[in-house]
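Trainee: Chain by chain, the residues:
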Amino acid sequence: MMLLRLALASLRSRLLTTSLTVASIALSVTLLVGIENVRTGVRDSFAGTIRGVDLIVGARGGTLNVLLSAVFGIGSPSGSVKLSTMERWKAHPAVKWVVPYSLGDSHRGFRVVGTTPEFYERYRFRKDGRIVFVSGRAAVADTEVVIGSDVAEKLGYTIGTPVVVVHGLRDIGTSSHEAHPFHVVGILGRTFTPIDRSVYVTLEGIEAMHEPEAAVAGIAGSSMASAEGAGGRVSGGRGQGVTALAAPLAAEKLRAKSAKAAAIVAANKARAAAMAPPAGTPMVMPGAEPPPGIPLVMPGAEPPPSAMPEVKRAADEQKVAAVSEPLAAEPVAAEPEHDHGDDQITAFFVGTKNRFEALMLQREMNTDLVEPLTAVIPGVALGELWQNIGSAEVGLRVIAIFAVAIGLTGMLVALYSSLEARRREMAILRAVGAGPRMIISLLVLESGLLALLGCLIGVAAVYIGLFVAQGPIEQRFGLHLALHPLRSTEWTYLAVVMGAGLVIGFVPAWKAYRTSLVDGLSPRA
Amino acid sequence: MSKGATGAVPAGAVPEGTPAVELSKVRFSYKTGREVLAIDSLTIARGETVFLHGPSGSGKTTLLGLLAGVLQATSGSVRVLGKDFSTMSGGARDAFRARHLGYVFQMFNLIPYLPVRENILLPVRLEPARRERLGGRSLDDAVRDIASQLDIAQYLDSPIAELSVGQQQRVAAARALMGSPEVVIADEPTSALDTDRREQFLELLFASCAKANATLIFVSHDHTLMPLFSRTVELMNINHAAKVGAGA
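Protein chains in written order, with my numbering: chain E, 14 to 538; chain D, 53 to 300.
Hints may be right or wrong, so weigh each one.
A short, non-exhaustive set of chain E residues, derived as facing chain D with CB atoms under 7 angstroms [as the list claims (entries may be wrong)]:
| no. | residue |
| --- | --- |
| 1 | S26 |
| 2 | G75 |
| 3 | A444 |
No lab work stands behind these hints: they were computed from the structure.
Every residue gets a Cβ at the ideal spot worked out from N, C-alpha and C, and that includes glycine.
Generate coordinates for the entire structure from the input sequences, incorporating the hints supplied.
Mentor: In structure tokens form, the structure reads like this:
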């Protein structure tokens with residue numbers, strides 16, 4: 014008790030040094046704990062992007078590809094899946110539900126997704142976040158649209174607003190599906206996931222968008238005038254005529270190779286149209302979507318499977334998928350999502366009856382003999398992805414640790430430099446009978462108090478900061494930073510800071526003890 | 053050893069007739085081969101007020117260090133109140149000092165960030181045995197008593213910085229006497245005071261020591277104070293190792 018009083022009085026007497034030291038420790042702790050919070054916040058919100066879905070199933074391709082395109086809307090799917098395949102898997106005893114998820118066109122930069130009303134019920138994000146309708150309801154009819162909160166906010170849409178959907182992600186004039194005016198029937202609550210930036214329609218809606226396309230494309234193709242938009246449209250490869258029309262277009266605009274491919278397509282057109290509509294796609298693409306010069310990796314952001322494999326697929330039906338792997342082997346781009354065949358979807362979500370069956374189901378799907386599929390367990394894939402992109406967090410941590418080291422060094426300097434002025438104090442304490450243990454305890458207690466105060470203020474600053482900035486951060490970055498009790502990592506950090514504070518106290522304490530002994534009780538001032 | 057050494061002599065129960073200080077064949081050197089203190093025999097009886105005179109270099113500081121138990125004799129025995137310091141651990145000597153000794157420095161006696169009252173209370177706060185000797189009086193009463201004896205009662209709640217040097221020395225004396233230690237050691241406590249104040253300070257100190265029945269060992273190089281004491285010890289005469297001018 015006596016010690017504590019002494020330590021407190023002594024610290025108070027050097028208020029400026031004390032507060033500066035505490036401030037530097039507090040700042041370090043704030044940085045350390047703050048970074049930890051943001052780090053886990055980012056990770057959690059990332060990992061919580063999709064919940065409640067046990068498997069995401071897409072065409073054969075990379076795991077990340079399926080995940081990124083279906084969940085984050087990044088990149089393009091490696092192909093499409095037949096609706097009948099989904100229906101087939103739906104009958105599997107381990108499957109509880111399936112929800113189709115068909116990526117399609119864009120509406121003013123926002124993705125349009127075709128799905129069923131069940132999607133809104135099944136999808137979960139973060140802990141147990143459900144999709145809620147702020148207003149309206151799910152899209153049921155094929156001209157109905159449900160929009161995410163960002164879409165509603167940025168475009169100022171309300172229930173009933175007519176919507177014109179554009180084919181392909183890039184908004185290009187003539188490509189608007191003006192023939193099919195949609196209208197908003199539902200607006201979703203904010204989820205801080207890519208859902209907020211999506212436009213949902215029914216599967217029929219996605220199909221309907223393209224019905225008049227053949228006609229449009231036909232005109233475009235023959236006139237050549239509207240080549241830019243038309244190319245995209247034509248690519249759909251719907252209707253035999255379209256593919257045929259594409260050939261001259263390609264021949265004129267593209268290399269011989271493309272032309273050749275187109276020729277093959279034309280030759281196979283009947284079959285292609287019947288079973289693999291994507292066949293025609295690639296030929297026409299380059300001229301249409303990616304800006305010249307950056308043909309492949311571009312804005313539509315569809316890193317596409319090459320044209321040739323696509324063509325081959327058309328040629329020899331079944332073998333296809335196995336070969337269709339080499340991504341971008343050819344300079345000619347393809348956009349599979351343009352292939353809205355009657356029974357094609359981009360992916361589907363699967364819920365299992367028993368989550369433990371997901372792994373087994375995944376294996377079964379990956380070895381599906383009828384159609385090459387890639388089934389992804391979202392949690393696992395997100396984890397893998399985080400492993401790759403999360404290395405930046407290590408850098409953050411290192412910086413934070415250095416900051417703490419600097420704060421503690423500052424404390425050592427402050428304690429140490431105050432010692433000279435306190436030699437008399439130590440001698441006096443020795444004179445009234447304080448032993449070395451007490452002298453050391455006093456100084457260690459002082460540094461411990463500084464570290465403790467620094468930790469408390471630092472943690473308080475983090476919480477206050479989180480409390481204040483939580484809303485704005487959510488608004489601006491879509492990053493939800495939850496206020497939560499300190500996690501074990503954070504406790505570890507604090508313990509390290511406290512421990513270091515105490516240990517550092519020993520350095521001047523030892524020196525003080527030596528000094529006070531050497532000083533003896535002499536009055537040398 | 054640490055507890056047992058002092059436990060044999062309960063606080064305030066030092067047998068009558070035991071000398072306050074008894075040095076026998078004491079040798080001390082900071083570095084091997086360079087003796088700074090060599091005293092064959094020095095005895096100070098209880099209740100004496102001893103003037104220990106010596107110029108700088110005569111080994112005053114070293115002797116006080118030995119008497120306070122901060123330094124350990126290289127050889128020979130230093131007995132204070134019958135306890136032989138050479139057989140005691142450092143901790144035991146610290147505890148002994150806390151119980152039985154009061155110490156007044158030449159200057160800078162006080163902890164700057166504690167008010168007068170807390171400075172005076174330091175010994176009793178640190179050492180419960182010292183507190184027991186207050187005889188059931190409350191800490192506050194005890195502080196008031198000693199403070200009024202030394203004429204500083206009105207400054208009890210003042211910060212140290214507001215006190216004059218003379219007042220500070222009286223606070224130091226009050227602290228040294230708090231809880232009635234058997235021996236008070238004063239190391240040139242008046243050197244920073246002007247002549248009038250010296251006498252005034254000494255009168256107060258003598259009165260308080262007498263009241264507490266404490267032995268006073270007063271070190272100074274100032275001859276003029278000599279007559280006020282019951283006995284004078286010339287350090288130059290008893291310390292064979294003394295080299296005047298060689299530094300304290």
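Trainee: Does each hint fit the structure? Answer for all of them.
Mentor: Against the structure, the hints come out as follows:
no.	hint	in the structure
1	S26	3 angstroms, holds
2	G75	68 angstroms, violated
3	A444	4 angstroms, holds
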